[in-house]
Amino acid sequence: MLRNSLILLVLLGFAAAIFPLLHSYEAKDALTGVAEHYANYGKEEVGAANLVSAVVVTYRGFDTLGEVTILFLASAVIGLFLKASETYTKDTRSVFFKSTEILVTASRLLVPMILLLGVYIFINGHLTPGGGFQGGAVIASAFALLLLSRPQKHFSHKVISVVESISGISFVFIGLLGVLLAGGFLDNHILAMGKFGTLLSAGAIPIIYILIGLKVGSELTGIVRNLKESQKEG
Amino acid sequence: MIYLIIAIVLGIIMLVAAVIAVYNKDLKTAIIAAGVTSLFASVLYVLLAAPDVALTEASIGSGLTTLIFFYVYNKIRRNNAQE
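Going down the list, the protein sequences come from chains A and B. Going left to right, the first sequence walks through residues 48 to 281 as my numbering numbers them. Going left to right, the second sequence walks through residues 13 to 95 as my numbering numbers them.
Keep in mind that the hints were calculated from the coordinates and are not lab data. Honestly, I wouldn't trust all of these hints.
As the list claims (entries may be wrong) - When the alpha-carbon atoms are kept at most 27 angstroms apart in a straight line, the in silico DSS-like pairs for lysine-lysine are as follows:
| no. | chain 1 | residue 1 | chain 2 | residue 2 |
| --- | --- | --- | --- | --- |
| 1 | B | 87 | A | 145 |
| 2 | A | 90 | A | 75 |
| 3 | A | 145 | B | 40 |
| 4 | B | 87 | A | 200 |
| 5 | B | 87 | B | 40 |
| 6 | A | 145 | A | 200 |
| 7 | B | 37 | A | 205 |
| 8 | B | 37 | B | 87 |
| 9 | B | 37 | A | 200 |
| 10 | A | 242 | A | 90 |
Said to hold, decoys possible - Here are some chain B residues the structure puts well away from chain A; computed CB gaps all over 10 angstroms:
| no. | residue |
| --- | --- |
| 11 | 28 |
| 12 | 31 |
| 13 | 42 |
| 14 | 76 |
| 15 | 79 |
| 16 | 90 |
Note that beta-carbon positions come from the ideal geometry of N, C-alpha and C, so glycine has one too.
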């Protein structure tokens, strides 16, 4: 009874905190503030056909760096905990059932296609919807399918961490190059801007997105791989 | 109009799947229901003209998260069986 009334009290507190926001809300029929600036000058300033990419990589590039760092931290913590329990029992005997023929055959056809889709998404991040995060997640799901269809296959942890580290360091390095050669951290004007709407345009955005895609893909693959390896013990 | 009807149907399916995910006693059913919620959410994002969010939701929400939940479920079940 006491617990329920406490929950009710907390909910009422939330409602009281949020109500002024809802009350003062009024629908706007035009963009205001920074959104207006992005929509009007994004094309000239950044040169990316996909305005979302322009905001995510260039205007708000520092936030993206923070997101990638958080993902890296999550992946590292999972790796740390599962590694600690992995050394405890050194029994590498297989515990997986054999995958069905349908899954194995389908994965042979689908894994290369999903990988290609992921690479397409992050290479064209400045032209079409999607970008580094989306492409990386698609690549990681291709590797997850591969792990499901062939549980005996061993993924090298070294390759995953090398790809992740190199792409992470290069991302920060390109950001610092922006300070030296252009207007500021992660400015994309360090390369030629190219023709608006073509693959080689928008300066450094395609390169940054390739690096983010590789980094996110290897981090998520690393998480799935660590969890799969942890099934072995016991 | 047709988009509105599709969006409402998708929303109802999402709500039902979310309630199943929370209240079902069988963990396997709950994990699948959570994946279904994300899958329909990603279709809804496409209707709401946010294809990049839909891509993320489809691959992380309904793909990787479901798989990770199953790995964790399997590990917990194994540990419980040992005790």
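Could you tell me which of the hints above the structure violates, numbers in ascending order? Hints 7, 9, 14, 15 and 16 not satisfied by this model.
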